[in-house]
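Q: The residues making up each chain are set out below.
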Amino acid sequence: MKAKTGAARPAGPARSAGVNHRDAALDAGLRKSLWRGMLRIRMVEEEIARRYPEQEMRCPVHLSIGQEGVAVGVCSALEQRDYAMSAHRAHAHYLAKGGDLKAMIAEMYGRRTGCAGGKGGSMHLVDPAANMLGAVPIVGGSIPIAVGAAFASWMKNEDRVTAVFLGDGATEEGVFAESLNFAALKGLPVLFICENNLYSVYSPLSVRQAAGRDRTAIARAHGLEAREADGNDVEAVYRLSREAAERARAGKGPSYLEFSTYRWLEHCGPSYDNHMGYRSEEEFAAWRAQCPVLRQQTILERDGLLAAEEPAALKRALAAEIEEAFAFAKSSPYPAPAELMTDLYADGAGN
Amino acid sequence: MAREIKFAEAVLEATDQCLAEDPSVYLMGLGVPDPKGVFGTTLGLQEKHGPRRVMDMPTSENAMTGVAVGSAIAGMRPIMVHQRVDFFLLAFDQIINHASKWHYMSAGKTRVPMVVRLIIGRGWGQGPQHSQSLESVFAHFPGLKVLMPATPGDAKGLLVAAVRDDNPVVFLEHRWLHGVFGPVPEEPYAVPIGKARIARPGTDVTLVAAGYMTLESLQAARMLEEDGVSAEVVDLRTLRPLDAGAVLASAEKTGRLVAVDNGWRSFGFGAEIVALAAEKLFGALKAAPARVSPPDVPIPSTWGLSNHYYPTAAHIADAALGMMGKKPRHRAARRADLDKPQDTPNKAFTGPF
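Residue numbers (this note's numbering), protein chains in the order written: chain W, 1 to 351; chain X, 1 to 353.
Chain W with its partners taken away, still in its complex shape:
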């Protein structure tokens, strides 16, 4: 039951049951690392949500809880040298790509040790050391920029792939089509990763896109390879992404991958918001039952890859790492007032 189109997609999660993504065995170490990566992001974001009401993280936060499978599946299929870019809901992408956790939390606390010196906030995560080139909350804004990064790799004949994360809403922007066209025109090594979580803020797909609007067909019409899968099945995400990255590396051009998934919490903020009535409790419950983290853990247990004490041990280790990151952030200084005027121009020019 793999729905093809947005509006026709049933409210509940799609499943990979009919897809042969599981047939070839993935390396056991990799399968466990997918789970670990997702659990780490889940626990980081749960801690952000828990502490957010303290009102010390004074910037908008768009949490990815429920959507970790896409971030981890895609980034695990990339190499360290590969580039990634994201949008407003960027925490999971940043962490999955190897972005520094302490610097991310410090950024949310507005400290000078933040990954953007406190000048960007949660919506502008960047870590050049991890080749996480940036994130922007203007919907669709990072799509052509990522294509440009891939274009630079193409110009320089580098063995480097760029992945850009976008939402279903971004596929409604004109710049999405413009970017697909140019990426296909030059055969650029770029992966367009659409996380279709069914909503743009509170607006469902059905009020935004015509019934039957098939985004993979749009991508194919532009000349891209296009595939879709269950975004809460991290191994399926990994396989498609690996395939697309290999195609890109081989000079076979760009791909569009769409993964269905679901945001558990409110669009922006730490709370559940089903009571607002823009989506049903039943729909939410169906997706929650398909938690990507738990699903992977269950599969690993089924396949005898997890010792009984492993989940608890990992959670303890992650909790310690996260606690340390928050302590680092909260003990870091705010930027000095003079830093308001720095970093405007790369050569230090004034106004």
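Since the hints were made in silico from the structure, they are not lab data.
Quick caveat: nothing in here was measured; it's all calculated off a predicted structure.
Hints may contain errors.
[Claimed, not checked] Below, computed lysine-lysine pairings styled on BS3-like, alpha-carbon distance capped at 25 angstroms:
{"#": "1", "chain 1": "X", "residue 1": "Lys109", "chain 2": "W", "residue 2": "Lys156"}
{"#": "2", "chain 1": "W", "residue 1": "Lys186", "chain 2": "W", "residue 2": "Lys102"}
{"#": "3", "chain 1": "X", "residue 1": "Lys36", "chain 2": "X", "residue 2": "Lys48"}
{"#": "4", "chain 1": "X", "residue 1": "Lys109", "chain 2": "W", "residue 2": "Lys330"}
{"#": "5", "chain 1": "X", "residue 1": "Lys347", "chain 2": "W", "residue 2": "Lys186"}
{"#": "6", "chain 1": "W", "residue 1": "Lys102", "chain 2": "X", "residue 2": "Lys286"}
{"#": "7", "chain 1": "X", "residue 1": "Lys36", "chain 2": "X", "residue 2": "Lys347"}
{"#": "8", "chain 1": "X", "residue 1": "Lys347", "chain 2": "W", "residue 2": "Lys156"}
With chain W fixed as given, assemble chain X onto it according to the hints.
A: Showing chain X alone in chain W's frame:
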């Protein structure tokens, strides 16, 4: 005698030399390799530097500006050109939301060295959407550098400086300047960004302009000479970062200031220059500073109306005379000009363009 070439040839030579000196430089724009070569400013470059580095592009201003931004973040130095500035409004998300802020919002960890060449149209009925002069709009945004050369020598030197600069630079060329000759050294050289130029020294009144209006201001200075008035012309060359020191030094010396704007009167750079003088030189000014600019209306196509839209040297000279307590006379003397087309810079320049 120094070699004299056209402004458009100076742009071409600067681009050619930048492509030659740095393999990370590339050039893109709609029509770049076509037979007209963007008014001659890109002719022959694809043959010389290859189709990867000198390329046409899709009619996708916003995405292609994003491509420039992303490639710059990843180590390239793109030059993008648009045949009219008006089309670049489609790319405001990329140039304003992203390019201008990228360095700041990554606390200096990433940079966006890129140049966008934009051509301001005028005349032959270009009309409301082919002749806007939007320099003040770009100059409003911190993080952009905004250049507006008036001479072939500055066109080359400022373009070289722009390409070597590590920031996003908007480079505005007035279409009527492309055919203007001037001395241009053959070797590559950079004119410093952010430094104004005294285009003509004077003692009685300061005329501040940029780009094409520098030429009108110089013409006004020649007219004022007949009136016994010595005008100093400050050619800003760069709108942002603004060389406030040069403007203030000149206006303090002469005690009078006329800001000559090619764009709309309200909220424009003319207003900025006048505000600067009012704030810093209030006591030193002998007369209230003035703006000369087009009126706040879209630019009509017919010469019957556009003749009355653009300010000319006569407007500038009369503004200065009024400030000197003398009777303005130049506009009245040229009233008959308005009965025939004033929509080309010279006879050699015929439409369509």
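Q: Hint by hint, say whether it matches the structure.
A: So, going through the hints one by one against the coordinates:
no. : hint                : result
1   : Lys109/X - Lys156/W : holds, 21 angstroms
2   : Lys186/W - Lys102/W : violated, 38 angstroms
3   : Lys36/X - Lys48/X   : holds, 16 angstroms
4   : Lys109/X - Lys330/W : holds, 22 angstroms
5   : Lys347/X - Lys186/W : violated, 43 angstroms
6   : Lys102/W - Lys286/X : violated, 60 angstroms
7   : Lys36/X - Lys347/X  : holds, 20 angstroms
8   : Lys347/X - Lys156/W : violated, 47 angstroms
In the structure shown, a violation is registered for the earlier hints numbered 2, 5, 6, 8, in ascending order.
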